Amino acid sequence: MSASNAASIAAPAAKPLIGPKEKAAFWDGLLNNNPIFAQVLGICSALAVTSKLENSIIMGVGYFVVLSLSTWVVSFIRESVPHRIRILVQVLVVCIFVIVLDQSLKAFYWQGSKQLGPYVALMITNTLTLGRTEGFSIQNKPTLALVDGIGNGLGYAVVLIVLGAVREFLGSGTLLGTPILAGIYQPNQIFILAPGAFFVLGCLIAFTNWLMSLGKKGAKK
Amino acid sequence: MNETGAVLIFFAALFTNNILLSNFLGMCHWLACTRNMMSAVGLGIAITLVTGITTMLNFVMYHFVIVPLGLESLTFLFFIAMIAAFVQLAEMVIERFSLKLYHALGVFLPLMVVNCTIMGAAIFMYTREYSFVQTVGWGFGAGAGWMLSAVLLASLRKKLQYSHAPVIFRGAGLVMITAGFMALTFMGFSGMVAIE
Chain A
5 MSASNAASIA
15 APAAKPLIGP
25 KEKAAFWDGL
35 LNNNPIFAQV
45 LGICSALAVT
55 SKLENSIIMG
65 VGYFVVLSLS
75 TWVVSFIRES
85 VPHRIRILVQ
95 VLVVCIFVIV
105 LDQSLKAFYW
115 QGSKQLGPYV
125 ALMITNTLTL
135 GRTEGFSIQN
145 KPTLALVDGI
155 GNGLGYAVVL
165 IVLGAVREFL
175 GSGTLLGTPI
185 LAGIYQPNQI
195 FILAPGAFFV
205 LGCLIAFTNW
215 LMSLGKKGAK
225 K
Chain B
947 MNETGAVLIF
957 FAALFTNNIL
967 LSNFLGMCHW
977 LACTRNMMSA
987 VGLGIAITLV
997 TGITTMLNFV
1007 MYHFVIVPLG
1017 LESLTFLFFI
1027 AMIAAFVQLA
1037 EMVIERFSLK
1047 LYHALGVFLP
1057 LMVVNCTIMG
1067 AAIFMYTREY
1077 SFVQTVGWGF
1087 GAGAGWMLSA
1097 VLLASLRKKL
1107 QYSHAPVIFR
1117 GAGLVMITAG
1127 FMALTFMGFS
1137 GMVAIE
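Protein chains in written order, with the working numbering: chain A, 5 to 225; chain B, 947 to 1142.
Just to be clear, a hint being listed does not mean it is correct.
Claimed, not checked - If the Cβ cut is set under 8 Å, some of the chain A residues that face chain B in the computed set are:
1) Val44
2) Ile128
3) Ala210
Unchecked claim - Covered stretches of chain A (chain B as the covering partner; in silico rule of three or more C-beta atoms under 8 Å from a C-beta of chain B):
4) 82–96
5) 103–115
6) 129–136
7) 200–207
8) 212–219
Worth flagging that the hints you see were computed from the coordinates, not collected in a lab.
On a predicted model such as this, the values are computed, not experimentally measured, just so you know.
Cβ coordinates follow ideal geometry from the N, Cα and C atoms, glycine included.
Put together the whole structure using the sequences plus the hints.
Here it is in structure tokens:
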């Protein structure tokens, strides 16, 4: 405490790297303002790739990297971009990172790239990315924008992985390809098809709403 | 290259391979714009036109610019730049000729750049190796498929407003479940025609 005080007296302009504002931005993205449950953005990929846990993990980690880097870079160039073409510039920044990710997936993990198919490219048009760059990094400093991107990316990845685990278990009775409860649980194919994706996500949203309402009741008492 | 006719591809894109209910593309606009019928129809028409035209333009660009120059790794960049330029142009034209429609669509007009339907239609166009005529059928079919499911959801959501759902399901949760039943219904069409 005293050391930090001394430091702040010595250099009043230098702020701690992780202040309360950064912490708030991080937890906001991860929990309170979760990309899927609260903002309801980026649903396309969340539903399309989560039929297998492995795919959801690749997608979650890849998207986390793309989102945090894009919010960071957009925040760096925010003052030099003309207002009218800012959306175009943001999309191009995201596009460059997605191309790098796509090419490296093809080079180092061909199988995963093959399974995700067009959905890696569709990260470019994931509305969550534009929502964060346009709604947050265009007005905030790079560090804060990076923390926001990391929080939102983590929040997104966690939901993707939970969805993937639930759907793979219910739909094929496996987790990461290993059979679970073989002979006891009869897999229901509908959960790896399109309707199952909607049902599982709908129930997950309702479940988090229920948890949130419990939390609010607890806070009132 | 498959030999399916363009008309068949159009109807397959509408029913069996509906871009929204089987490939989940364009979900964000779908959830946001179906609160009332008018915006669903307005945006549906806009997306149908933009998807159809940009898919054709992207076909021309892919086969006459990207492949001859060996720039396949930058395909996405070319596609998104084409889509963004076209949406910007469409925005300016609509603003000039129909201010009413321009205000009705509001922020969703520039956001069409990040509509997965448009980009997804372009990507499926080259991964499925369509010819030009097939591309025309596919592009307009994909857009019309989006519009069909948007109009259906908008009318279902009108009914949902008067239903007594549990509190935790209200909002996005119930819409998701409804969408699930719609997808289930559309699965009934599968087997009529395959375009994969």
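Which numbered hints fail: Going through the list in order, the structure violates no hint and respects every one.
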